[in-house]
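Engineer: Quick note, the sequences are listed as chains A, B and C, same order.
Residues in the first sequence are numbered from 18 upward in steps of one, following my numbering.
Residues in the second sequence are numbered from 10 upward in steps of one, following my numbering.
Residues in the third sequence are numbered from 112 upward in steps of one, following my numbering.
Read the hints as simulated data drawn from the structure, not as lab findings.
Beta carbons are placed, not taken as given, at the ideal position from N, Cα and C, and that holds for glycine.
Where hints are given, some of them may not hold.
Claimed, not checked - Stretch by stretch, here's where chain A covers chain C in the computed footprint (C-beta under 8 Å, at least three residues):
1. 169-177
2. 204-212
3. 277-290
4. 555-565
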Amino acid sequence: METKIVSKRFHIPESYKLEVAKKHGVYGSLEKLFTMTPDEVITAVEKSNLRGKGGGGASCGQKWRYMPLNDPRPAYLIVNADESEPGTFKDREVMDKDPHLLIEGIICSSYAMNIHTAYIYIRGEYKWLADRLNTAIDEAYEAGIIGETLMNGACDFKLDIVVHRGAGAYICGEKSALIESLEGKRGHPRLKPHQKECEWYFGDPATVNNVETIASVPEIVEFGYEAYTKHGTPKSPGTMLFALSGPVKNPGVYELAFGHKMIDVINTLGGGMKDGKKLKAVIPGGVSCPILTADEVNKAVLDYESMWDIGSTLGTGGMVIIDEDACMVEVAKNIIEFYHHESCGQCTPCREGTGWIDTILHKVIHQQGKLSDIDNISDVCGTLNGKTICVFAPAVADIIGSIVVKFRDEFETYILNNQGAEHE
Amino acid sequence: MGIKTVKRHGDTLRDKLYIPAIVSGMKTTMRHFVTNIKDNSNLITKSYPEVQPTDITDRYRGVHRLTKREDDSISCVACYMCATACPADCMFIEATERTDGVDEKMPAVFNIDLLECVFCGYCVEACPCDAIRMDTGIFSFVADQRKDFILSKEALLANTRSKDFSDD
Amino acid sequence: MSNIVNIVIDGKEVEAEKGAVLIDYLFKQDIDIPHFCYHPALGTDGNCRMCMVEIEGSKRPQISCDTPVKEGMVVRTQGENIEQVRRDILELELINHPVDCPTCDQAGECKLQDYYMAGGFYESRLEAESKVKAKKAVDLGKNVMLDQERCVLCTRCTRFTDEITHTNELGIFSRADHSVISTFPGQELESDYSMNIVDLCPVGALTSKDFRFNQRVWFLESFEAICSGCSKGCSIHVDHKKEKYKDDQIFRFRPREDHDVNGYFICDDGRLSYKDENDNRLNDASINQETVSTKEALTNIADVLTANPNDTLLLVSPFLSNEELALIKEYTLNNGTTLSGYSPQYYDESFADDMLRTSDRSPNRAGMMALRINENEKDFNELLSQKKVIVVIENSYFEDKAELFKDKKVILFSSKDTKVKEFANTVLPVASFLEKDGSYTNSESVTQHIKSGIRKNAPVGTLTSLWKAIESLSKEKA
Ligand SMILES: Cc1cc2nc3c(=O)[nH]c(=O)nc-3n(C[C@H](O)[C@H](O)[C@H](O)COP(=O)(O)O)c2cc1C
Ligand code: SF4
Ligand code: SF4
Ligand code: SF4
Ligand code: SF4
Ligand code: SF4
Ligand code: FES
Chain A
18 METKIVSKRF
28 HIPESYKLEV
38 AKKHGVYGSL
48 EKLFTMTPDE
58 VITAVEKSNL
68 RGKGGGGASC
78 GQKWRYMPLN
88 DPRPAYLIVN
98 ADESEPGTFK
108 DREVMDKDPH
118 LLIEGIICSS
128 YAMNIHTAYI
138 YIRGEYKWLA
148 DRLNTAIDEA
158 YEAGIIGETL
168 MNGACDFKLD
178 IVVHRGAGAY
188 ICGEKSALIE
198 SLEGKRGHPR
208 LKPHQKECEW
218 YFGDPATVNN
228 VETIASVPEI
238 VEFGYEAYTK
248 HGTPKSPGTM
258 LFALSGPVKN
268 PGVYELAFGH
278 KMIDVINTLG
288 GGMKDGKKLK
298 AVIPGGVSCP
308 ILTADEVNKA
318 VLDYESMWDI
328 GSTLGTGGMV
338 IIDEDACMVE
348 VAKNIIEFYH
358 HESCGQCTPC
368 REGTGWIDTI
378 LHKVIHQQGK
388 LSDIDNISDV
398 CGTLNGKTIC
408 VFAPAVADII
418 GSIVVKFRDE
428 FETYILNNQG
438 AEHE
Chain B
10 MGIKTVKRHG
20 DTLRDKLYIP
30 AIVSGMKTTM
40 RHFVTNIKDN
50 SNLITKSYPE
60 VQPTDITDRY
70 RGVHRLTKRE
80 DDSISCVACY
90 MCATACPADC
100 MFIEATERTD
110 GVDEKMPAVF
120 NIDLLECVFC
130 GYCVEACPCD
140 AIRMDTGIFS
150 FVADQRKDFI
160 LSKEALLANT
170 RSKDFSDD
Chain C
112 MSNIVNIVID
122 GKEVEAEKGA
132 VLIDYLFKQD
142 IDIPHFCYHP
152 ALGTDGNCRM
162 CMVEIEGSKR
172 PQISCDTPVK
182 EGMVVRTQGE
192 NIEQVRRDIL
202 ELELINHPVD
212 CPTCDQAGEC
222 KLQDYYMAGG
232 FYESRLEAES
242 KVKAKKAVDL
252 GKNVMLDQER
262 CVLCTRCTRF
272 TDEITHTNEL
282 GIFSRADHSV
292 ISTFPGQELE
302 SDYSMNIVDL
312 CPVGALTSKD
322 FRFNQRVWFL
332 ESFEAICSGC
342 SKGCSIHVDH
352 KKEKYKDDQI
362 FRFRPREDHD
372 VNGYFICDDG
382 RLSYKDENDN
392 RLNDASINQE
402 TVSTKEALTN
412 IADVLTANPN
422 DTLLLVSPFL
432 SNEELALIKE
442 YTLNNGTTLS
452 GYSPQYYDES
462 FADDMLRTSD
472 RSPNRAGMMA
482 LRINENEKDF
492 NELLSQKKVI
502 VVIENSYFED
512 KAELFKDKKV
522 ILFSSKDTKV
532 KEFANTVLPV
542 ASFLEKDGSY
552 TNSESVTQHI
562 KSGIRKNAPV
572 GTLTSLWKAI
582 ESLSKEKA
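Can you make the complete structure from the sequences, with help from the hints?
Structural biologist: Right, dumping it as structure tokens:
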């Protein structure tokens, strides 16, 4: 069932070491890369229809085209390794098991966009991964793979890679907040530009890409986009690292071509539900997207378009499985606590709305809920949706709103059964 | 809009002569005079101030008082809402920083000039803190100098709710 | 010209500049679109989400502070939908707000209050006890008080210290609804323009320590004037009030938007200079230290002037208005007295900066120069040694130089109580800078007019009226 492209070396012991990884083909794409022009690389990535794995699913090649050509300013590649979304833990696998693949991807991408400095912005809590990356980068410098030239002079192209540790804010995964943070400021997302353009790091052009996206590039360079698009569906070609968590027998990260049925993945790779429990719901793409009920899970197909069609998104591919024992009120409370804690606090609806929902659910759980609270939560979700600077707030509206709508009965019963004496 | 014409009273000859009206008025006066001379126990007029009224209702607006919080400190936060509402412009407040941590602000000066006050009660209505009330039951306030009619913050705080009023 | 396009705002066709920010045109149409974070001086930040409008063709309401004007755009600021959106956001803005308007100095000029009164009026859905608590009454230094609970996190203040003064004292701390504004650890506000954040703050989170609890703003009356703190002559609003049984008193200055002069801001020194108007005033006329009536003093002055025109030096100052200077200059021309505007004491290099403040701490030197009133030091010293009668008019030059008056007859016109009074033969109080009408020309040759709104219980005469009285008294004599 699995299609191993990014994860091809994950099973090899000590594959994070340069010598081991090298034996198994890392940096194999570079020879081909140096025969291509940067434009050819971008075209290949465009044609491969590689889509961003950070949650948005936008075409990577198209995004690279927004980088201004022949610009005198330095350009930057910023690799987004902030992975803080609950239920998403795929990037860490890449950095843990195959950091040289990421470096190889950075080389290909930087070459394509004529970038000489790449940053890896890594989540603060991933200290051991930052160390691992730094070790790998040191190895690469020592081996002459990066530095003043690439591959010991095989290509006269300077490239430096710098690992920057964040301070542990989820919002710094949002690309513009990430850049603000990298610039040394508070991680506040910026207003969306009015036209499609690249990002700006200290006023210089920059591209932000997810770890997995970058790690997928060498495959496309080495074997051509045709080989890549053979996998998956026509609109969602290639593979993606899917993370399974929750009460399944074999939780973990699995690389799959797009187009598999979600329920099959849960039952085969995931090994089915633990202890014979019934599946109740799945949050498909990290917790930031609408929840799927068991019925919907049976219909769900793992590619971008199919997921949109059933009213959710593929997000980061991190599937959070929920079984029949779970109380949806508590699930909602757990999730909103996270968002309440992580909202950057910049825009009013998100700053105050996440806290308000948290307060309401706190009341509900402490025996002081009223039926009107359910509508109040839906109302606040309405205000969170589409009225903020970044998509953090709409994501809250998506997940909390969908839980409240799809499991409304459960909320009503919970409130009616758990009303304290002081309430009617 | 139409105009309604109201007929004037007092147009008849009888009315214009006055004498019949005076006579009928004197008749009433004499009747009372005679009854009261015979028995004065039913008199409506009181020998004030020896006899004090007993039928004042809780809604009666007497002299103001400033209320206190549970910890016995002043409730008023010197927001000037009362002074803003006051049609007689007879409240003189000066605010100051409150440093005991209970609130931020309180009046340093709070004077009401009772000679100017029209006892409308707007100040009571306006107060967002229930800090001023007119439930002292003091309906007659006397002094022999103008300046004594100006009640200070201390005097207003010393006033209490009338004992005759119910407790709610 | 091709840059001008037509847009429709609430059914009205309006010309607008392509690419400009839509909210500016809403302001121009006198539409009071709710907004907290946008400020023309600070630009767009887009965080408050209050300025939402409906734009035909876009699915969702858009914030007008970040919407560029496009040809044919149809904008709606009214209607049930958009008003509901606004109400929802306002409700969120208020859920953690302490609403302690009774103790809040902003009450009466608070945007939260205004917007609630204009479009709120919903039933509260949040209990007071679940509100997030934060620090109140924090002294930020430089006359600014902070109440973190009242803050709506519009970041106008931080953007001001970051982008306008570049002093970077303020930041946001913590996240989500625990976010608060504060100075960075160990720092205080230090800019000489700090108090502008009090005006910028749309709510009562930042208030002036100087004005704190002094007056409720709705009692204040206001007139437009300029600041006399330096030759920039920043445009201001003078907020004053004549309370019952008291005299008219100035409570504060606020900057007045004026793109020819100061833009949106004024310096703190200028702002607090209102105190000079209230304090230290000269009230009584006197002759040889004996209090006399104004009439007597006037007659005395007229006598002295008509007796010694050729032996008289009139010393005016750049604090006088163009009209006053012209009047006195004309008198000099007609009567053969001499005139000087020598006033070096107002120069203070340390006051100047690269924002607004200049080194000349007087408001009308340019006006004095335009009238060609001589302020040459050598000429002045020469005249001073020759002339027997010195008439000092609102000029503080002699403040610590009374010894120069030896063997002279001194006439003093002043609005301030000054030591010079003790050495003057005749003293006459005059109306102060803001108690009179007049025009002033600033260092950039912009002439502004003040029409005073102050009504003192016992007004002292303006220099113009007094001088005219002297002139007619002199004529009677002649
Ligand atoms: C609230 C929020 C959190 C995000 N967190 C991450 C993250 O942790 N890692 C990531 O790669 N992208 C994250 N993103 C998506 C990024 O903004 C951005 O779209 C992505 O890094 C682009 O890379 P891609 O095109 O390769 O997916 C987040 C977005 C939002 C709105
Ligand atoms: S939506 Fe939330 S996280 Fe995003 S910018 Fe606004 S406050 Fe910050
Ligand atoms: S009762 Fe009326 S007139 Fe008297 S102080 Fe109150 S508001 Fe003013
Ligand atoms: S009495 Fe009430 S209304 Fe008057 S100042 Fe005090 S708190 Fe405000
Ligand atoms: S800022 Fe002050 S005046 Fe405005 S609503 Fe809050 S407490 Fe009231
Ligand atoms: S203190 Fe005032 S200006 Fe500063 S962010 Fe808060 S509300 Fe805005
Ligand atoms: S004024 Fe437009 S978002 Fe604040």
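Engineer: Would you mind marking each hint as holding or not holding in the structure?
Structural biologist: Going down the list of hints, with the structure as the test:
Check on the stretch 169-177 of chain C: 4 of its residues sit with their Cβ under 8 Å from a Cβ of chain A, so the three-residue criterion for coverage holds. Under a criterion of three residues with beta carbons nearer than 8 Å to beta carbons of chain A, the stated coverage of the stretch 204-212 of chain C is upheld, 3 such residues being counted. Closer than 8 Å: that is the beta-carbon criterion, and the stretch 277-290 of chain C has 8 residues meeting it against chain A, so the requirement of 3 holds. Figure legend: the stretch 555-565 of chain C, annotated as covered by chain A; annotation inconsistent (0 residues with Cβ-Cβ distances under 8 Å, at least 3 required).
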